[in-house]
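Visitor: Residue numbers (this note's numbering), protein chains in the order written: chain A, 1 to 260; chain B, 1 to 260; chain C, 1 to 260.
Simulated from the structure, these hints should not be mistaken for laboratory data. Worth double-checking, as some hints may not be accurate.
Note that the list lumps identical chains together, so a pair holds whenever it fits in one copy or between two copies.
[As the list claims (entries may be wrong)] Result set (EDC-like, lysine to aspartate or glutamate): computed pairs, CA atoms no more than 20 Å apart in a straight line:
#1 Lys187 / Asp229
#2 Lys134 / Asp251
#3 Lys82 / Asp141
#4 Lys134 / Asp51
#5 Lys112 / Asp251
#6 Lys2 / Asp147
#7 Lys82 / Asp51
#8 Lys187 / Asp12
#9 Lys134 / Asp12
#10 Lys2 / Asp183
#11 Lys2 / Asp107
#12 Lys134 / Asp171
Predicted model, so just to flag it, every value in this text is computed and none were measured.
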Amino acid sequence: MKPSAACQTMRDRVPLVHCITNYVAMNIAANATLAAGASPAMLHAPEEVADFTPLAGVLTINIGTLSPQWVTGMLAAAAAAKSHGVPWVLDPVAHFITPYRANATQDLLAHKPDIIRGNASEIIALSGQAASGKGADSGDDVAQAQDVAIRMASQRNCVVAVTGPVDFVTDGTRKVTVHGGSDLMPKVTAMGCSLTAVIGAYAAVAPAFDATVAALSHFAVAGARAGADCPGPGQFQVRFLDQLHALQPADLDAARLTWL
Amino acid sequence: MKPSAACQTMRDRVPLVHCITNYVAMNIAANATLAAGASPAMLHAPEEVADFTPLAGVLTINIGTLSPQWVTGMLAAAAAAKSHGVPWVLDPVAHFITPYRANATQDLLAHKPDIIRGNASEIIALSGQAASGKGADSGDDVAQAQDVAIRMASQRNCVVAVTGPVDFVTDGTRKVTVHGGSDLMPKVTAMGCSLTAVIGAYAAVAPAFDATVAALSHFAVAGARAGADCPGPGQFQVRFLDQLHALQPADLDAARLTWL
Amino acid sequence: MKPSAACQTMRDRVPLVHCITNYVAMNIAANATLAAGASPAMLHAPEEVADFTPLAGVLTINIGTLSPQWVTGMLAAAAAAKSHGVPWVLDPVAHFITPYRANATQDLLAHKPDIIRGNASEIIALSGQAASGKGADSGDDVAQAQDVAIRMASQRNCVVAVTGPVDFVTDGTRKVTVHGGSDLMPKVTAMGCSLTAVIGAYAAVAPAFDATVAALSHFAVAGARAGADCPGPGQFQVRFLDQLHALQPADLDAARLTWL
């Protein structure tokens, strides 16, 4: 399914995206999901997630600001997603910087996410190799993470997206890079977390690989347009939401994809 | 009290608005309350709310991102509001989508809110009827919820506001619709949650019905002005805060009210 | 170290700033820190902060939206900062409005912050005197808090910053006021919380007093530029982030400092 077709389908269906994300990202991730064309729902309590996840078209989990009750809710939601055939996306933010975060990530991986999105350091570290990230920022290049991502996708039977200046997506067999975006994107917090939510929006209506490529294309084109002659990161965030909303499905095919 | 008079009084007094709201809404609800002319205070812990609510001019509770400690805090704050004569506003976000959320809402209703604000699906479902909302978005029209709202207002002795493309406010006897706003409002997250906080700002200085009509007028006029020739939801949010702040009290009377 | 030199050093090193802040501020504080030139990391759980704080260049703690698990995490992080020589900054938001908040603040002070930043009411109340703040807003003038701040800095062997229309910084010996900013700053929520994070960014690379003066200069100049011909608080927030990012180190020396 081409990105344009995925976008048209997503906007026609307005899928309900169950987002469990971090406190920093919640507002911008919800706004990005709305602007892209889907309906975000943020709820996290262990007391209700298992009732809600099956009603959603997709589940996305981002571990940015963990605490025990949230981890319990994430695991319950992931389990509910698996048992009800709801696809789910994992965003293991800075999972390697503390043992607590590393353990929570392993517990989540046991619920077999359909898509894993991270920066290069996060994906490299997931494979057990040493990464050089600092906090939530990557210290490694996307290209360095490609081989790791391909093996991970094959072994875990999922799609892996490594995002950065150039993005890389693989399901272990297919491999594609997505070009676009803006130098201002790393200067706005939670852009990656927002992307994870939008990948979810697409994964509710399209196969995991196609959905990921479509979401990355949507961000790449919107980011490039928002970044043109942009005075800084404040204005970029505003224009980026406008572009996510203004892009028409056919515009997504303007993202430059390189098949490897 | 006319909306213009309520606005003038609110800005003169700068009431302290105790907001217990969801993680998605906190920043924008605080900014909307500040821009409108009041002073928001966000705190939620059971350990301190009962000490703080009596110091505030009003309490607003929004259940968007519930968890047990938050529910405990909300109930303690609502009880403190009632026992100290502080008016309070309930925003039962998507209360019907899980049993946990439904039960929390019933517990909150026992503390007799002075104002209930919701979208059509939320208000219909509060009455026990089947609603067709999806997540936080309404699947029903405001007009369909009017009769339910009138009965609810009479039975619960409160003001009920049903918000959407056209808003409806009733205290069981008086009934008015408020026209205005922008098609972009549903494309920005937490606009309803922010409205709840601003209803609170007005309810701190005016009777519940007048306060609700004034707050809806403030949003309707600011929304219409912000939405004129607006490129998208990112820019809308920026302009909307500017308009909430720039509007003069007399401007609120430009909102078209239709008495039924 | 002049503000310009501190800024150049901060941008060269891109320090990792461990921020434990409130739900309202998290997004804007992270964006302000990124725009200024550092790398923010938001994590708060007692299960991981002691592993993470030693990896950061600085720790900042803001008590805006307290709850018991957060207080436990804050205390663990502050203890880790002290034992590993990581400087830390305390922002005791509205600490005097409830006993719970007051007690948490005393517990945090026992870990000897290197810098304390507050508005006039917060600093006056920290000394045990009566303050007239309302919620998070100051009811006192910065000038009224200067003597208190000087004594506090001497007794606690730390830097104290009192911020408002004109800021005041002292280490007990040196005393300086910083002029600039915009009347719109108090109309945007969490500007003070964001400043605390940016003070942290500077304190990771410069002595506490110089760092505080540099961060206040950065905010003063960016605020003045953002506020020029600004239509309202929505646009101000956008422009302010752009200016934090656009300012060059030498621009910081444009802030008017008055040594007392």
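Visitor: So, for every hint listed, does it hold in this structure?
Guide: Quick rundown of the hints versus the structure:
1. Lys187 / Asp229: within (15 Å within a copy, 25 Å between copies)
2. Lys134 / Asp251: Answer is neither; intra-copy 35 Å and inter-copy 28 Å both fail.
3. Lys82 / Asp141: neither (32 Å within a copy, 34 Å between copies)
4. Lys134 / Asp51: between (37 Å within a copy, 14 Å between copies)
5. Lys112 / Asp251: neither (32 Å within a copy, 51 Å between copies)
6. Lys2 / Asp147: neither (25 Å within a copy, 47 Å between copies)
7. Lys82 / Asp51: within (13 Å within a copy, 32 Å between copies)
8. Lys187 / Asp12: between (32 Å within a copy, 15 Å between copies)
9. Lys134 / Asp12: For lysine 134 and aspartate 12, only the inter-copy Cα distance (15 Å) is at most 20 Å; the intra-copy one is 40 Å.
10. Lys2 / Asp183: Neither: 26 Å inside a copy, 29 Å across copies.
11. Lys2 / Asp107: neither (33 Å within a copy, 49 Å between copies)
12. Lys134 / Asp171: neither (27 Å within a copy, 32 Å between copies)
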